[in-house]
Amino acid sequence: MENIDLGLVDWSRAQFALTAMYHWVFVPLTLGLAFIVAIMESIYVKTGKEEWKKITLFWMKLFGINFAIGVATGIILEFEFGTNWSNYSWFVGDIFGAPLAIEGIMAFFLESTFIAVMFFGWNKVSKKFHLLSSWLVAFGANLSALWILVANAWMQNPVGMRFNPDTARNEMENFWEVLLSPTAVNKFLHTVTSGYVLAALFVLGVSAWFLLKKREQLFAKRSMVVAATFGLFSTLFLVVTGDESARHIATIQPMKFAAMEALYDGQNNAPLVAIGILELPQDPEHPNPREFAYKIEIPNMLSYMAFLSPRAFVPGINDLINGNPEKEIISYYEKIRRGKLAIQALKNYKSAQKSGDAALEEESLKIFETHYPYFGYGYYDNPDKLIPNVPISFYSFRIMVILGVHFGILFMVILYFLYKRKLEKMKWLLWVSILTVPLAYIASEAGWVLAEVGRQPWVIQDLMPTLSAVSKIDQTSVQITFWLFAAIFTTLLIAEIKIMLTQIKKGPNEGGH
Amino acid sequence: MHRIILTHLNKIFRFYYDGFRGMTYGKKLWIIILIKLFVLFFILKLFFFQDFLDSKFDTDQEKSNYVIEQLTK
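Residue numbers (the working numbering), protein chains in the order written: chain C, 1 to 513; chain Z, 1001 to 1073.
Bear in mind the hints are in silico, worked out from the structure with no lab data behind them.
It cannot be assumed that every hint is accurate.
[Unchecked claim] Dumping the calculated DSBU-like pairs for lysine-lysine here, alpha-carbon to alpha-carbon at most 35 Å:
#, chain 1, residue 1, chain 2, residue 2
1, C, Lys-498, C, Lys-128
2, C, Lys-124, Z, Lys-1027
3, C, Lys-53, C, Lys-498
4, Z, Lys-1027, C, Lys-221
5, C, Lys-127, Z, Lys-1028
6, Z, Lys-1027, C, Lys-46
7, C, Lys-472, Z, Lys-1073
8, C, Lys-498, Z, Lys-1027
9, Z, Lys-1056, C, Lys-472
10, C, Lys-214, C, Lys-505
11, C, Lys-354, Z, Lys-1073
12, Z, Lys-1056, C, Lys-213
13, C, Lys-49, C, Lys-425
14, Z, Lys-1027, C, Lys-354
15, C, Lys-366, Z, Lys-1056
16, C, Lys-221, C, Lys-472
17, C, Lys-427, C, Lys-46
18, C, Lys-340, Z, Lys-1073
19, C, Lys-347, Z, Lys-1056
20, C, Lys-498, Z, Lys-1056
21, Z, Lys-1028, C, Lys-505
22, C, Lys-385, Z, Lys-1028
23, C, Lys-54, C, Lys-505
24, C, Lys-221, Z, Lys-1028
25, C, Lys-420, C, Lys-53
26, C, Lys-385, Z, Lys-1056
27, C, Lys-472, Z, Lys-1045
28, Z, Lys-1011, C, Lys-127
29, Z, Lys-1073, C, Lys-350
30, Z, Lys-1056, C, Lys-340
31, C, Lys-213, Z, Lys-1073
32, Z, Lys-1011, C, Lys-506
33, C, Lys-350, Z, Lys-1056
34, Z, Lys-1073, C, Lys-53
35, Z, Lys-1028, C, Lys-506
36, Z, Lys-1045, C, Lys-46
37, C, Lys-221, C, Lys-498
38, Z, Lys-1011, C, Lys-124
39, C, Lys-498, Z, Lys-1045
40, Z, Lys-1011, C, Lys-54
Take the sequences, apply the hints, and build the full model.
Quick look at the structure:
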């Protein structure tokens, strides 16, 4: 593409990253806390004990605060699609239209109807109907996340569509293929489960504070039993879905997989770097480091993780760039050539249509359709530009996994000391629980950083890079709105923390909604 | 039949009316939600986030021609 303003691309990316990451501060707590509240209310309905109603009401109050502050923050992302990413928006319109419309109609109404019963319905509807409403709010919130995650998964693994060169849009051919692609299923399960773990850690942290303050001890311990049990099961499921995700990435996005392992030269029996520090790059022309200053490896683990075989060959960045005929890997140089053929064929197709040259039109369409899977590569000359940021991918993966292990251990240790009835004496453990709350957010954001930075430069894998997706708008307007969003979201976050802390300090005995 | 519907509508109205009137910290949250929606839809959307293609072209054909031109430059 000619005259690409890389400053505009970078600012548009920064703005999207800012809004998406701030949006994700609010979402996971809603997803997980909704289920925790529903479980607590189920215990109340089953046992009839007022203590459980008090517990339910308190966490429902914190759920309501988070829901209210976070609601509609995601709409900004849709604004950005239309304004900053218009080529992309047009290119994917038909694919995104259906999932997002379903989200708007189904999940939103489900949530907004039953959330009113959840908050206003105590003593006005039957206990069972109220409980049903709480569960429906939880399912509605998660259903809401399903559709946007399906859309994101399609960008990572575009399936179930056909590009129409007459309209310049991808048209959905198979809704079920889009909805049930392994990438979509794994992304949804892994992402919402990470929200459950975060919410469980939030409940642990707040409850630990009550125990440290020697307030509401029964309330705190009962909350912790529910949270730690829910969190432990969620963590185990998170490991399973994370493992599945890694295998899909190795197949569908091998460059992302190689980048997150900082693997340059592919190998059989590839080891996994459990802990590693990358050397600082010496050459400014090649900012991605190639060597480790320090590493601890687990033999064969990467091969096993990627292909369920300790002997399997895992391609490295160099294999993908230069190709590896022995392993049937097409080089990026060849993909770039094919991509350029696709772009030229699309151009020829449109001019043949204008001039009425039916033979050229047919021939161009044939070439275009043959090479369309490599369309996006055609915007590049230098394959080095197709390598994502290796250190960010490498470290974000490790931050996510190491913290995930910490969370799993924490849930087990908490349950052990609750069982032994010694938890309130373990001050260090209560402090660890409190300090783990921000770590849960860091791990959750690190997951998204890996998913999104690791797939660069693609907006849609192999088909559309960020540089061809942006609108030609004034860079200054993007900068202004970047800072506007930064201010709005920071204000919302401060409001959330302030209101939450006030309500937490008041404790569970203060009623109201 | 008419009376039954009216009674139900009245019940639903009272449900929401009493719910909103009985709010404590919820009032503050509603104020935040309303301010947020106002800023999003009446300031940001109107002044900063007009749809790029809608603002430049009237028909889908024009939009698709423009996007193809951009993609094949």
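Consistency of the hints with the structure:
no. : hint                     : in the structure
1   : Lys-498/C <-> Lys-128/C  : 33 Å, holds
2   : Lys-124/C <-> Lys-1027/Z : 20 Å, holds
3   : Lys-53/C <-> Lys-498/C   : 25 Å, holds
4   : Lys-1027/Z <-> Lys-221/C : 30 Å, holds
5   : Lys-127/C <-> Lys-1028/Z : 28 Å, holds
6   : Lys-1027/Z <-> Lys-46/C  : 32 Å, holds
7   : Lys-472/C <-> Lys-1073/Z : 13 Å, holds
8   : Lys-498/C <-> Lys-1027/Z : 15 Å, holds
9   : Lys-1056/Z <-> Lys-472/C : 12 Å, holds
10  : Lys-214/C <-> Lys-505/C  : 13 Å, holds
11  : Lys-354/C <-> Lys-1073/Z : 17 Å, holds
12  : Lys-1056/Z <-> Lys-213/C : 61 Å, violated
13  : Lys-49/C <-> Lys-425/C   : 26 Å, holds
14  : Lys-1027/Z <-> Lys-354/C : 61 Å, violated
15  : Lys-366/C <-> Lys-1056/Z : 32 Å, holds
16  : Lys-221/C <-> Lys-472/C  : 56 Å, violated
17  : Lys-427/C <-> Lys-46/C   : 33 Å, holds
18  : Lys-340/C <-> Lys-1073/Z : 11 Å, holds
19  : Lys-347/C <-> Lys-1056/Z : 22 Å, holds
20  : Lys-498/C <-> Lys-1056/Z : 43 Å, violated
21  : Lys-1028/Z <-> Lys-505/C : 17 Å, holds
22  : Lys-385/C <-> Lys-1028/Z : 49 Å, violated
23  : Lys-54/C <-> Lys-505/C   : 15 Å, holds
24  : Lys-221/C <-> Lys-1028/Z : 30 Å, holds
25  : Lys-420/C <-> Lys-53/C   : 25 Å, holds
26  : Lys-385/C <-> Lys-1056/Z : 32 Å, holds
27  : Lys-472/C <-> Lys-1045/Z : 18 Å, holds
28  : Lys-1011/Z <-> Lys-127/C : 18 Å, holds
29  : Lys-1073/Z <-> Lys-350/C : 12 Å, holds
30  : Lys-1056/Z <-> Lys-340/C : 28 Å, holds
31  : Lys-213/C <-> Lys-1073/Z : 66 Å, violated
32  : Lys-1011/Z <-> Lys-506/C : 33 Å, holds
33  : Lys-350/C <-> Lys-1056/Z : 21 Å, holds
34  : Lys-1073/Z <-> Lys-53/C  : 64 Å, violated
35  : Lys-1028/Z <-> Lys-506/C : 16 Å, holds
36  : Lys-1045/Z <-> Lys-46/C  : 47 Å, violated
37  : Lys-221/C <-> Lys-498/C  : 24 Å, holds
38  : Lys-1011/Z <-> Lys-124/C : 10 Å, holds
39  : Lys-498/C <-> Lys-1045/Z : 28 Å, holds
40  : Lys-1011/Z <-> Lys-54/C  : 27 Å, holds
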